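*Asks:* Read off the chains here:
Protein chains: 2
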Amino acid sequence: MTYCCGILVREGLVMMADTRTNAGLDNISTFRKLHIFERREEMVLLLASAGNLSVSQGVIHLLDEGVPDPTDETISTRLVDASSMSVAAHLVGAATRRARAQAAEGMEQSGVNFDVSFLLGGQIGGGAMRLFMIYSAGNAIECTIDTPYFQIGEHKYGKPILDRAISFDMDLYDALKIGLISMDSTMRSNLSVGLPLDFALLRRDALKLELSIRVDASDAYFRDLREQWSKALKAAHTAIPRPPYGGLQDR
Amino acid sequence: MTYCCGILVREGLVMMADTRTNAGLDNISTFRKLHIFERREEMVLLLASAGNLSVSQGVIHLLDEGVPDPTDETISTRLVDASSMSVAAHLVGAATRRARAQAAEGMEQSGVNFDVSFLLGGQIGGGAMRLFMIYSAGNAIECTIDTPYFQIGEHKYGKPILDRAISFDMDLYDALKIGLISMDSTMRSNLSVGLPLDFALLRRDALKLELSIRVDASDAYFRDLREQWSKALKAAHTAIPRPPYGGLQDR
Numbered sequence: 001m002t003y004c005c006g007i008l009v010r011e012g013l014v015m016m017a018d019t020r021t022n023a024g025l026d027n028i029s030t031f032r033k034l035h036i037f038e039r040r041e042e043m044v045l046l047l048a049s050a051g052n053l054s055v056s057q058g059v060i061h062l063l064d065e066g067v068p069d070p071t072d073e074t075i076s077t078r079l080v081d082a083s084s085m086s087v088a089a090h091l092v093g094a095a096t097r098r099a100r101a102q103a104a105e106g107m108e109q110s111g112v113n114f115d116v117s118f119l120l121g122g123q124i125g126g127g128a129m130r131l132f133m134i135y136s137a138g139n140a141i142e143c144t145i146d147t148p149y150f151q152i153g154e155h156k157y158g159k160p161i162l163d164r165a166i167s168f169d170m171d172l173y174d175a176l177k178i179g180l181i182s183m184d185s186t187m188r189s190n191l192s193v194g195l196p197l198d199f200a201l202l203r204r205d206a207l208k209l210e211l212s213i214r215v216d217a218s219d220a221y222f223r224d225l226r227e228q229w230s231k232a233l234k235a236a237h238t239a240i241p242r243p244p245y246g247g248l249q250d251r
Numbered sequence: 001m002t003y004c005c006g007i008l009v010r011e012g013l014v015m016m017a018d019t020r021t022n023a024g025l026d027n028i029s030t031f032r033k034l035h036i037f038e039r040r041e042e043m044v045l046l047l048a049s050a051g052n053l054s055v056s057q058g059v060i061h062l063l064d065e066g067v068p069d070p071t072d073e074t075i076s077t078r079l080v081d082a083s084s085m086s087v088a089a090h091l092v093g094a095a096t097r098r099a100r101a102q103a104a105e106g107m108e109q110s111g112v113n114f115d116v117s118f119l120l121g122g123q124i125g126g127g128a129m130r131l132f133m134i135y136s137a138g139n140a141i142e143c144t145i146d147t148p149y150f151q152i153g154e155h156k157y158g159k160p161i162l163d164r165a166i167s168f169d170m171d172l173y174d175a176l177k178i179g180l181i182s183m184d185s186t187m188r189s190n191l192s193v194g195l196p197l198d199f200a201l202l203r204r205d206a207l208k209l210e211l212s213i214r215v216d217a218s219d220a221y222f223r224d225l226r227e228q229w230s231k232a233l234k235a236a237h238t239a240i241p242r243p244p245y246g247g248l249q250d251r
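Chains as they are written, first to last, in full-length UniProt numbering: chain P, 1 to 251; chain A, 1 to 251.
Quick caveat, the hints were computed from the structure, so don't treat them as lab data. Just so you know, not all the hints are guaranteed correct.
One copy or any two copies: either way a pair holds, since identical chains are not told apart in the list.
Calculated lysine to aspartate or glutamate pairs in the DMTMM-like style (CA-CA distance at most 20 angstroms, straight line) [unchecked claim]:
id : residue 1 : residue 2
1  : K208      : D26
2  : K234      : D224
3  : K234      : D169
Note that the coordinates shown come from a computational prediction; the quantities given were computed from them, not determined experimentally.
In isolation and in its complexed conformation, chain P is listed as follows (with noise of 0.2 angstroms):
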């Protein structure tokens, strides 16, 4: 399993993986989940897969070499050539498309799931910084103010303190700790999503990463938030009163 998301403030985006991929409980490995394409001062994307691993390589490589144009396949559009966001979200989509095609004969055979979600934020030139979510059918949906992250991969159990606690007026480094607790929350319910987590930082307009930070078990401050993320959990349960129910009020 995967956990990503990417949160899209007006400061700018924070984009955060896990690397634990699983094939079944017994064959756990570290593959990075978020990859970073950019020309320097002109453009910065940053890509998180889940899924089928060996399709998300394939997309990968497409957008690293080239997607080849559907209707003329001798023309091939690489990521970093994007024009817009818009276009490097198309090219994610056809690209998925044509590593799933690639795919399927053997897949469908084997009746292994072959789908894979990506999310796509970033900022081209003088365009603006966007941030999308494509699925396995190619298309894409994008983030607006009123719910400014997306998630891919499992990602409930680190939902509720994104719904409480996002929002797109908030501080660039709060969101991150907030998608830090989101992560946190999720490695501790669900053994598929494990450390290190890669992250990175884009502040608006920068055009170049601001942080592309790989967190693992000995990284100080990730050990903090886990631990004071838990006892303020804690401290927040023990100060609800018991439940009066019953005429128990002295409880």
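Given the coordinates of chain P, work out where chain A should sit on it, guided by the hints.
*Replies:* This is chain A only, laid out in the frame that chain P set:
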């Protein structure tokens, strides 16, 4: 959808269930999913159901009226006549298999999912208080002190708080409180889980219910709990320092 949880601690048992059912997002109704079977001072059984409503109602009817013995259909046993918790869990399993077999032909043709699952908790006479989860196939697993709770239905949103806060030695009313927080987290993130909710509390060896309560939107304690939990979560993440990555410790 549905969310039910059962918590079995040293002092006793808490079971709760929401009441929302939906056949599509445009067809939402209220049905009780927490069922009580009792012979006062002799036995109390609490049964929470999730899944296909027609099948789970079929199971309840069989348990009310008697589950025919598969080897001799002239003999049938009602749930209130179960001589032990094991027998009771076995009866729920047998009723589940029977109700699903009756539903199978039509449901399969229509491509409708007719899975169901149950939580069964309680105590019979001098026997031990026990909590079971019964799957669609009719098989059951029993709660133990290492993980003293079960969930059925939409379980993920409400699991982190249970994982962190529930222990076998906790106060029974604290267990109820944590269950209500878990229910709140689920209702916030999944529209198909909704108020009112039903809960019941059974003290070990009491053999009669201490509480059986329906909580709706006007319930003052639950309203306060939701508000306090929200505020406490906000205070908790606000209190954690911003990430220092990138040497920006002074942020």
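*Asks:* A separate judgement is required for each hint: does it hold in the structure or not?
*Replies:* For each hint, the structure was consulted:
Within a single copy, K208 and D26 get their C-alpha atoms no closer than 39 angstroms, and across copies no closer than 46 angstroms, so neither meets the 20 angstroms cut-off. When the C-alpha separation of K234 and D224 is checked against a cutoff of 20 angstroms, the pair qualifies both within a copy, at 15 angstroms, and between copies, at 18 angstroms. Taking the closest pair of Cα atoms, K234 and D169 come within 20 angstroms of each other only across two copies (16 angstroms); inside a single copy the shortest separation is 28 angstroms, beyond that limit.
When each numbered hint is compared with the structure, a violation occurs for hint 1 only.
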